[in-house]
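Number of protein chains: 2
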Amino acid sequence: MNTKELAKSAKEASLALLGADSELKNTALEAIRKNIEEKKEEIFEANKQDLQEAKSLVDSGEISSSTYARLKLDENKMRDMLKGIQDVISLEDPANKVLWTKELDEGLILKKITCPIGVIGVIFEARPDVISQIASLAIKSGNAVILKGGKESNHTNAKIAQIINDALSSVQNFPKNVINLVFSRDDIKELLNLDEYIDLIIPRGSNKLVKYIQENTKIPVLGHASGICHIFVDESAKPNLVNDVCVDAKIQYPSACNAVETILVHKNYKELDSLKEALVNSGVKIVENPDTFSKEYGDKIVSLKVVDSLEEAILHINKFGSGHTDSILTEDKNNAEKFMNYVDSAGVYHNTSTRFSDGFRYGFGAEVGISTNKTHARGPVGLDGLTIYKYKLFGQYQTVAPYANGEKTFKHKFV
Amino acid sequence: MNTKELAKSAKEASLALLGADSELKNTALEAIRKNIEEKKEEIFEANKQDLQEAKSLVDSGEISSSTYARLKLDENKMRDMLKGIQDVISLEDPANKVLWTKELDEGLILKKITCPIGVIGVIFEARPDVISQIASLAIKSGNAVILKGGKESNHTNAKIAQIINDALSSVQNFPKNVINLVFSRDDIKELLNLDEYIDLIIPRGSNKLVKYIQENTKIPVLGHASGICHIFVDESAKPNLVNDVCVDAKIQYPSACNAVETILVHKNYKELDSLKEALVNSGVKIVENPDTFSKEYGDKIVSLKVVDSLEEAILHINKFGSGHTDSILTEDKNNAEKFMNYVDSAGVYHNTSTRFSDGFRYGFGAEVGISTNKTHARGPVGLDGLTIYKYKLFGQYQTVAPYANGEKTFKHKFV
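Residue numbers (numbering that gives the first Met the number 0), protein chains in the order written: chain E, 0 to 414; chain U, 0 to 414.
It is worth saying that the hints were derived from the structure and are not from the lab.
Any given hint could be a false lead.
No copy labels: a pair is met if it fits in one copy or bridges any two.
[Unchecked claim] When the alpha-carbon atoms are kept at most 35 Å apart in a straight line, the in silico DSBU-like pairs for lysine-lysine are as follows:
hint, residue 1, residue 2
1, Lys217, Lys110
2, Lys96, Lys410
3, Lys410, Lys71
4, Lys175, Lys217
5, Lys33, Lys96
6, Lys332, Lys7
7, Lys101, Lys150
8, Lys110, Lys412
9, Lys111, Lys410
10, Lys39, Lys54
11, Lys284, Lys266
12, Lys111, Lys101
13, Lys207, Lys3
14, Lys407, Lys71
15, Lys207, Lys188
16, Lys188, Lys38
17, Lys407, Lys294
18, Lys76, Lys410
With these hints in hand, go ahead and build the complete structure from the sequences.
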């Protein structure tokens, strides 16, 4: 089956899935969980093969040692994978929720109801645990999915996909071809052109990967290319606490997209030297005159700039930021309010670390990804981001003519 | 100012608008309404100029007589325009609504709050009343807008835009450059490339216009290229009422996107001849063997096909339909439920005309457009479709480290 045929069959699977209720979906998830648990040794075997092949790529410099580390599946990651599926089972079904019911007129009832999007394409890099996570989220929300993983984890991905599909084929009434895996780089190009069958693309990986995808498809892309997050230290911020928050936002996980990249400091803030000292003591390199303020270091490096005012800080953030997450540290509530209204980012924080911007920390139970889009879903995206809605109208053979000519009028009453 | 500079200044306007409250926005709308009312004679003058120039285009066949009719602004349309602005004033503000509040932990409060999208590009054809409607919706939702109208209505559009901007410049604290108008076809091409500044494109016009836009931009497009709507007449449908609904769905406004294009009839439905007669008597031409079932007639023509089963009807609709609006006529509730779940369209109806699919009929008060998208907004789109949300997190200098190392745990309690 070529990629186009595979996408077409995924579309058919998504249509068949429209009838799946919560019970069927949870049964399918439990079957997957059980099968992965039973066959985990096979997965470790496949992963060993990937690791062996990757080792030479590390030696030749083709992949980094951090990529190699992410590739490795151990007992801990396996436990997390299994727990992840269990968590998704226990989440509320995001589909078939009645958002509202409105009586348009007597005997003419309109319901706005959540439903799956259709076919989701997910392109991710060397993290084989992503596959079971995305498959679970897709099934729970009633979407079919086409996955393309990093080539470094091909053996592990293929094995996990096979175990998932074996499990699904044992579940009565569960449609075929819901979970699909493709392997080659050429497949990515093809997927990006298949807007006829694919409704949403979610890239999970490097800035470069996400940018490439955003530039090369008309299919809606949910994600973020970069995370250029800011902290603005206002005049009235509490010095010791400022240091804690800034250090946390940078060093707790420097390569995370929600780590701070630029600290803006009000010119009247008195403890700038103490802040610098705290950063340096935590191993952070401070850049006071960067070539550009739109760079994501992804490392223990931070740009630092003194600004004249709150307004200058807001302008700076809206100009150089990526609309991800930005925080103001201040004791002035009006300044906090102004900052949170005028900074045009998915997350705007008052007196807290940018690192809270995360689906698990927000309590979504599972995260599809983090979006800096201005439409559909923004910020950390949970299961809801994989749904849209449809309108169901229940009538008694009404026609519009009498409403158009004024014979009848609408009630428009929420019930 | 070239188009790029104009888009950049619209972006700045959208950021300035983030601080506008309901009162400021309604004051601006009222100023617009008043100024249009006061200067309506100037608008009629400009419209006369457009009509005069368009007349020769009708004679030479460059524009149709229906386009000419849409171009004309008379007292009735002016009254509707003014009432439209009044209606938008009285709608609830869609921005700054708290969707939910969650206590992540003590003193760490997360709020999900609606906010404007940013800059909306609206490309429409010869209907000068669209400009005040879109400007009102944009202002109410807090978005800046760049409008490109049909060249046939350039004089009228320019006059209305000038009257709107004169009114806005008289409103204290209202940002400049919120409502922008461009004129040439080249501007469209440029707009479609300005994804740096424009967040959403809404095309309102012909199938050809919408398709062109969808094919030529990476900016999210909200709309529908075609409306290929179906009615499935099931075995058990009530004959006389079937005829009424089918006739209404076709002839009440044959060129509307929600008019029926294909009627599917169950092979066991007994009154097919009576249905055909009713259609023919209403002036509808029936095509039983069309070249394609994916054509939108937009006229008093309908395709008709006898199908063996509900399942065949669903497959047909999902294959040939445009995901707009589809209706089943049946006395069998199970069949209705199955149809409404498995037909993958924005509107799925039971026993009623497809023509109800409309923002005003749904009670949205004003309609941005109708969308067949699978993300962001689907079906008739009201003011809500011009908003997204941001997360505001209020803390007390918390860091993530203690949550990451297990020292603290999240509460995740809705409050």
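Alpha-carbon proximity between Lys76 and Lys410, which holds within one copy, between copies, both or neither at 35 Å: between (56 Å within a copy, 25 Å between copies)
Intra- versus inter-copy proximity for Lys3 and Lys207 (alpha-carbon distance at most 35 Å): both (25 Å within a copy, 26 Å between copies)
Alpha-carbon proximity between Lys207 and Lys188, which holds within one copy, between copies, both or neither at 35 Å: both (15 Å within a copy, 27 Å between copies)
Intra- versus inter-copy proximity for Lys7 and Lys332 (alpha-carbon distance at most 35 Å): For Lys332 and Lys7, the Cα distance is within 35 Å only across copies (31 Å; inside one copy 54 Å).
Status of Lys150 relative to Lys101 across identical chains (alpha carbons, at most 35 Å): neither (50 Å within a copy, 40 Å between copies)
Alpha-carbon proximity between Lys217 and Lys110, which holds within one copy, between copies, both or neither at 35 Å: both (30 Å within a copy, 32 Å between copies)
35 Å Cα threshold - placement of Lys294 relative to Lys407: The answer is between: 32 Å across copies meets 35 Å, while 61 Å in one copy does not.
Alpha-carbon proximity between Lys96 and Lys410, which holds within one copy, between copies, both or neither at 35 Å: both (24 Å within a copy, 25 Å between copies)
Identical-chain pair category, Lys407 with Lys71, by Cα at 35 Å: between (67 Å within a copy, 28 Å between copies)
Homomeric proximity label, Lys284 with Lys266: Cα distance no greater than 35 Å: within (21 Å within a copy, 76 Å between copies)
Intra- versus inter-copy proximity for Lys54 and Lys39 (alpha-carbon distance at most 35 Å): Classified as within: same-chain Cα gap 22 Å, cross-chain 76 Å, threshold 35 Å.
35 Å Cα threshold - placement of Lys38 relative to Lys188: Result: close within a single copy only, 33 Å intra versus 55 Å inter.
When held up to the earlier numbered hints, the structure conflicts with hint 7 and nothing else.
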